[in-house]
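Protein chains in written order, with the working numbering: chain A, 1 to 345; chain Z, 1 to 345.
These aren't lab readings, by the way, just hints derived from the structure by calculation. Careful: at least some of the hints might be erroneous.
Which copy is meant is left open, so a pair is good if it fits within one copy or across any two.
[As the list claims (entries may be wrong)] Subject to a maximum C-alpha distance of 20 Å in a straight line, what follows is the list of computed EDC-like cross-link-like pairs (lysine to aspartate or glutamate):
(1) Lys182 x Asp2
(2) Lys51 x Asp92
(3) Lys251 x Glu288
(4) Lys251 x Glu282
(5) Lys97 x Asp195
(6) Lys51 x Glu228
(7) Lys51 x Glu212
(8) Lys102 x Asp2
(9) Lys226 x Glu159
(10) Lys75 x Asp262
(11) Lys182 x Asp310
As the structure is a computational prediction, the values presented were derived from the model and not from experiment.
What follows is each chain in one-letter form.
There are 2 protein chains.
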Amino acid sequence: MDVPSEMKALLLVGDGYTRTPSGSALEAMEPYVQPGAVAVPAPGQSQVLIKVSLASINPSDVAFIKGQYGQPRVKGQPAGFEGVGIVVAGGDEPYPKSLVGKRVAFATGVSNWGSWAEYAVAEAVVCIPLLDTVRDEDGAAMIVNPLTALAMFDIVKQEGEKAFIMTAGASQLCKLIAGLAKEAGFRPIVTVRRDEQIALLKESGAAHVLNEKAPDFKAMLREVIKTEQPRIFLDAVTGPLASAIFHAMPKRSRWIIYGRLDPDTTVIREPGQLIFQHKRIEGFWLSEWMRQFRDRRGPAIMEAQKRFSDGRWSTDVTAIVPLDEAIGRVPAELAKPNGKVFIRP
Amino acid sequence: MDVPSEMKALLLVGDGYTRTPSGSALEAMEPYVQPGAVAVPAPGQSQVLIKVSLASINPSDVAFIKGQYGQPRVKGQPAGFEGVGIVVAGGDEPYPKSLVGKRVAFATGVSNWGSWAEYAVAEAVVCIPLLDTVRDEDGAAMIVNPLTALAMFDIVKQEGEKAFIMTAGASQLCKLIAGLAKEAGFRPIVTVRRDEQIALLKESGAAHVLNEKAPDFKAMLREVIKTEQPRIFLDAVTGPLASAIFHAMPKRSRWIIYGRLDPDTTVIREPGQLIFQHKRIEGFWLSEWMRQFRDRRGPAIMEAQKRFSDGRWSTDVTAIVPLDEAIGRVPAELAKPNGKVFIRP
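Only chain A is shown next, with the shape it has when bound in the complex (with noise of 0.2 Å):
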C-alpha cells in the first residue's frame, strides 16, 4: 500500500499537565487540538504504522486533551489513545512484520502518535488482528473499556462479595462490567441521572438502578446497601455522590476511584470509618494494572474479541463524525448520553 509523506490529524495544543484543571465534560475541541497536517509517522523497530479507520473517544481521551491524565501531553502530535484500522508498515521484529495488511484493535499507550490522524503508530503487542466477525465499531473500542471492564470486575470477584456499587453506570463501561457480572451471578448497584437509563440497565445486568437526581435516592441508596451489603465501589465521579456512597457502605468498603466526573471536593466525610470499620480508598489505572498484571492482559484480550464477537458485548454508536469535522461536531456527540462517538479519519 502507498502511504503518503503528510497525513491530516487533530494535534494536540497543550504540552505536558494543565495547571488549572477542569471538569470532565468538553467543552469545545479548539483549545485543546487543532487540525493540522504533519509527517506520517515511522514505526519504530518494535512498531507498526496503521492506516486509521475508525478512532475512538474515551473518557480518558478527553482528560488526556486537557493535560489531566497520566501521562505528559506532547504539544503538536496527534491525540488519540485507541483505534482500529490496517497495518501498512512494521518495524524490523517479525512480529511487527508479520502484521502488514492485518486489521487491527491498537492502543497508541506511548507512542506519542495518536489515533485521531490517518495513520497511527502502536507498539506490535498491543496491537490485536481481528476477526472478520467483529465490526469496526467494536474493534475501534475494544481495548481501554473492554479491559478495564475485565480487570475491575476481577477485583469484584476476588472480593467474592456478590453485590458491589458503580457510579455513572450508563457508561460503555459500566454496561461492559454488568454484562460480566450478571452472567457470573453478581448483582451491581448502578447510579444513573436520568430515568430512562433504568430500563436500559437493568437490560445490561445491574441488579438495582438508582437515579441519583431521584428526592428519595439518600433512602433508596440506604436501603439497598442494607440488603445487598456491598464491599466494592467502583467509582467514575468522586465528589458529593461518590463521599455519601461510601459513607453509607459496611465495613471493610473499598472505594476504588478509577475517574472524576465530577470535578467538586470530594470529602472522607467519616475518616473514623477507615480506622475502626477498616474501609480503604484508592485508584484503579488501566496502564498500571497492565504493568503489574501481565499475564493477565493476553487472555484478558482473547476474552473481549470473544465477547464482541458473539454478540455477548456491543458498542453503542452516538455518532460517527469525519475528521474533518471533528473540531465542531465532537462536543455536542460527547454532551449526549448513552453511547460512543467515533472520529473517522
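Take the given structure of chain A and dock chain Z to it, following the hints.
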C-alpha cells in the same frame, strides 16, 4: 486479699455511640463520666480481677467516653482501657488462677469493666506480668501505645522506605515510634505545634521536625518530601493539615489514619493521584491489628517490656490525679503538652 463488695469508679454517662461528633479535646469530664459506686465485678472463667494501682488516659479513652470510638459505650460501666495493678482473683481456668498475686499491665478491651476504678476485670491473656524493673507509670501505659507503635512501625519497615511522616509528633506514641525508627536507621519526619517541641523530638529520633504553625511550613514540607521521598504517612489528626501532607507526597504513598484530632473536614485534594499515582488511604486500629496478627502480639509485648525495663523507652508523666479529683482536674492536665495523665484509684 480481701475484696470489698463495692468500689468507687468513673462511670460512663452515655450509651452506644454519639450522634453529634465533637473534637478530640476533653473540654470537661462531667458530660461523659460521673463518679459513683458499683458492685465489684466477678471475673469470668478466662478473666482476672485486678486491684488497680494506676490507670492511664489515652486519646482512645477520650474518644470512647465521647462515643466516638470503634466500640459502643455501656452506660453505668467504668471507663478506662488500660492500667497496672495486682491480680486479686482469677477465673476457673489455670492461666487466670496462676496470675493471682502478680503485678500486671492490663487492657480491659471488651470486658466492659474499665480501669478508671478501684477494681477492673480483664482477659488473662491480655495481662502482662511485669518485671520489678518496670515502673507503674510505664506498666500502666505498656499496651495501647507500645503495641500501636510496634505495629505501625512494622508497616513502615514492610514498605522499605527509610523516611516516613507522622503528625502529632509530640505524642507519647510518636516518641516511641521515633525511638524505634532511629535504632533501625529510619528517618521520621514529624509535625508539631510548638517550637519548643522541636529539640525534644530530634532527641527522640526524628530526622526532621516541622512546626505546622510556622509561616514557611508548606515550603519546608515540600522541601523535606522532595529530599526524603517518604511513602508512609502515619496520621493522628486528619483535616486540612493531613490533606496537604498527603497531597505533597510522592507516587505510591499510603495515608494511614489512626486518629482524628482535628474534627475539621477531611478532603482528598486530588483524587487523580489515587488513579494515576497509585496513592491509597486507609486506617489503622490496634484491635483490628491484634485480630489479624495474633502471632505478632506476644513478641511485641515482650519487646515493649524489655524497652521499658532497660530505659530505651520511658513514659513522660504530666500528672497522676487521684480518682476523687479526676472530674475536676483531668481536662486541664490533659491539655498540657508532652506527657501522659494517669488516674490513681
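Hint by hint, here is what the structure shows:
Neither within a single protomer nor between protomers do Lys182 and Asp2 lie at most 20 Å apart by alpha-carbon distance, with minima of 47 Å and 67 Å respectively. In this assembly of identical chains, Lys51 and Asp92 lie within 20 Å of each other by CA distance solely inside one copy; the values are 18 Å within and 83 Å between copies. Proximity of Lys251 and Glu288 under a CA criterion of 20 Å is satisfied inter-copy only: 12 Å between copies versus 27 Å inside one chain copy. Proximity of Lys251 to Glu282 under the C-alpha cut-off of 20 Å is found in both arrangements, the shortest distances being 16 Å within a copy and 13 Å between copies.
Taking CA atoms no more than 20 Å apart as the test, Lys97 paired with Asp195 passes in neither setting, with 50 Å inside one copy and 67 Å between copies. In this homomeric assembly, Lys51 and Glu228 never come within 20 Å of each other (Cα to Cα): the closest approach is 48 Å inside a single copy and 47 Å across copies. In this assembly of identical chains, the alpha carbons of Lys51 and Glu212 never lie at most 20 Å apart, being 42 Å within a copy and 57 Å across copies at closest. In this assembly of identical chains, the alpha carbons of Lys102 and Asp2 lie at most 20 Å apart only when taken from the same copy (15 Å versus 92 Å across copies).
With identical chains, the CA atoms of Lys226 and Glu159 are at most 20 Å apart within one copy only, with a shortest distance of 18 Å there and 36 Å across copies. When the C-alpha separation of Lys75 and Asp262 is checked against a cutoff of 20 Å, the pair qualifies neither within a copy, at 27 Å, nor between copies, at 44 Å. Only within a single protomer do Lys182 and Asp310 lie at most 20 Å apart by alpha-carbon distance; the minimum there is 17 Å, versus 62 Å between protomers.
Checked against the numbered hints given earlier, the structure breaks hints 1, 5, 6, 7, 10 and satisfies all the rest.
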